[in-house]
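Engineer: Start from the sequences, fold in the hints, and give me the full structure.
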Amino acid sequence: GAGVSQSPSNKVTEKGKDVELRCDPISGHTALYWYRQSLGQGLEFLIYFQGNSAPDKSGLPSDRFSAERTGGSVSTLTIQRTQQEDSAVYLCASSSGGAGGDEQYFGPGTRLTVT
Amino acid sequence: SQQGEEDPQALSIQEGENATMNCSYKTSINNLQWYRQNSGRGLVHLILIRSNEREKHSGRLRVTLDTSKKSSSLLITASRAADTASYFCATVGSAGGSYIPTFGRGTSLIVHP
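Chains as they are written, first to last, in my numbering: chain A, 1 to 115; chain B, 1 to 113.
I should point out that these hints are in silico values taken from the structure, not numbers from a laboratory.
Remember, it's a predicted structure, so these values are computed and weren't measured experimentally.
Note that the Cβ used here is the ideal one computed from N, Cα and C, for glycine as well.
Accuracy of the hints is not assured; some may be wrong.
[As the list claims (entries may be wrong)] Chain B side only, calculated, beta carbon under 8 Å to chain A, not exhaustive: (1) 31; (2) 42; (3) 48; (4) 88; (5) 99; (6) 101; (7) 103.
[Claimed, not checked] Below, in silico cross-link-like pairs of lysine to any residue (SDA-like), each with a Cα-Cα straight-line distance of 20 Å or less: (8) A:11 with A:81; (9) B:26 with B:53; (10) B:56 with A:102; (11) B:70 with B:24; (12) A:11 with A:89; (13) A:11 with A:22; (14) B:56 with B:39; (15) B:69 with B:55; (16) A:11 with B:42; (17) B:26 with A:45; (18) B:26 with B:50; (19) B:26 with A:17; (20) A:17 with A:65; (21) A:11 with B:39; (22) B:56 with A:103; (23) B:56 with B:66; (24) B:70 with A:100; (25) B:69 with B:51; (26) B:69 with B:24; (27) B:26 with B:7; (28) A:57 with B:102; (29) B:56 with B:75; (30) A:15 with A:111; (31) B:26 with A:100; (32) B:56 with A:100; (33) B:56 with B:45; (34) B:26 with B:73.
[Said to hold, decoys possible] Distance ranges between label pairs, derived from CB positions: (35) B:112 with A:17: 22 to 30 Å; (36) B:41 with A:38: 14 to 22 Å; (37) A:51 with B:41: 45 to 53 Å; (38) B:55 with A:17: 28 to 36 Å; (39) A:80 with B:9: 32 to 40 Å; (40) A:115 with B:112: 34 to 42 Å.
Structural biologist: If you want it as structure tokens, here you go:
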């Protein structure tokens, strides 16, 4: 079946502009995660959605970052007034949301470059 | 932080050799997961091992977990050039709340043909 998809695959934007990144999780997966990865680094957790529960936003680095998940499916990560340090690959993952945490399926990522 | 730390940071071996990577963490876990990342296929889940398990196998992969030492190892036997990738461990804490995997910085493995 279809995996996790993300769009766009690449985004170049000027400092100060807003960007929206999209994630389509695997159908039926109740859990959705956003991470970002800087060059040569591990994954930094940003935000987590689980079913109809309030999202866990504890990883968002500033109030310029926000995310929503509509209808329990598609998610959009918005970065307002982008800064150069926001440049990274933004990864989305989904999982079946099993108790205790289960394997995640990752999308190909969106490479964001802020000039 | 629950973050796992992989060791070594980089590993270079010849095809056919075994590769061992280690992961250490700080607090109690519910499970520990290993992922592989290469440019061709992105991040892919390899194995999940639960806190009450000590060893799991999947093909040429063997994962061990020692909760008393708060460490895990990933062994790749008879390595192939296609195993060249970065390998990450991710820990899911058992302290309650959100079950969010926390990733380490990874081990970069190069397998020379």
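Engineer: Does each hint fit the structure? Answer for all of them.
Structural biologist: Hints, verified against the model:
no.: 1; hint: 31; result: holds (6 Å)
no.: 2; hint: 42; result: holds (5 Å)
no.: 3; hint: 48; result: holds (5 Å)
no.: 4; hint: 88; result: holds (6 Å)
no.: 5; hint: 99; result: holds (3 Å)
no.: 6; hint: 101; result: holds (6 Å)
no.: 7; hint: 103; result: holds (4 Å)
no.: 8; hint: A:11 with A:81; result: holds (15 Å)
no.: 9; hint: B:26 with B:53; result: holds (18 Å)
no.: 10; hint: B:56 with A:102; result: holds (15 Å)
no.: 11; hint: B:70 with B:24; result: holds (6 Å)
no.: 12; hint: A:11 with A:89; result: holds (10 Å)
no.: 13; hint: A:11 with A:22; result: holds (12 Å)
no.: 14; hint: B:56 with B:39; result: violated (26 Å)
no.: 15; hint: B:69 with B:55; result: holds (14 Å)
no.: 16; hint: A:11 with B:42; result: holds (18 Å)
no.: 17; hint: B:26 with A:45; result: holds (18 Å)
no.: 18; hint: B:26 with B:50; result: holds (16 Å)
no.: 19; hint: B:26 with A:17; result: violated (39 Å)
no.: 20; hint: A:17 with A:65; result: holds (13 Å)
no.: 21; hint: A:11 with B:39; result: holds (18 Å)
no.: 22; hint: B:56 with A:103; result: holds (15 Å)
no.: 23; hint: B:56 with B:66; result: holds (12 Å)
no.: 24; hint: B:70 with A:100; result: holds (18 Å)
no.: 25; hint: B:69 with B:51; result: holds (12 Å)
no.: 26; hint: B:69 with B:24; result: holds (8 Å)
no.: 27; hint: B:26 with B:7; result: holds (15 Å)
no.: 28; hint: A:57 with B:102; result: holds (14 Å)
no.: 29; hint: B:56 with B:75; result: holds (11 Å)
no.: 30; hint: A:15 with A:111; result: holds (15 Å)
no.: 31; hint: B:26 with A:100; result: holds (18 Å)
no.: 32; hint: B:56 with A:100; result: holds (18 Å)
no.: 33; hint: B:56 with B:45; result: holds (14 Å)
no.: 34; hint: B:26 with B:73; result: holds (15 Å)
no.: 35; hint: B:112 with A:17: 22 to 30 Å; result: violated (44 Å)
no.: 36; hint: B:41 with A:38: 14 to 22 Å; result: holds (20 Å)
no.: 37; hint: A:51 with B:41: 45 to 53 Å; result: violated (29 Å)
no.: 38; hint: B:55 with A:17: 28 to 36 Å; result: violated (50 Å)
no.: 39; hint: A:80 with B:9: 32 to 40 Å; result: holds (35 Å)
no.: 40; hint: A:115 with B:112: 34 to 42 Å; result: holds (37 Å)
Going through the hint list in order, the structure does not satisfy hints 14, 19, 35, 37 and 38.
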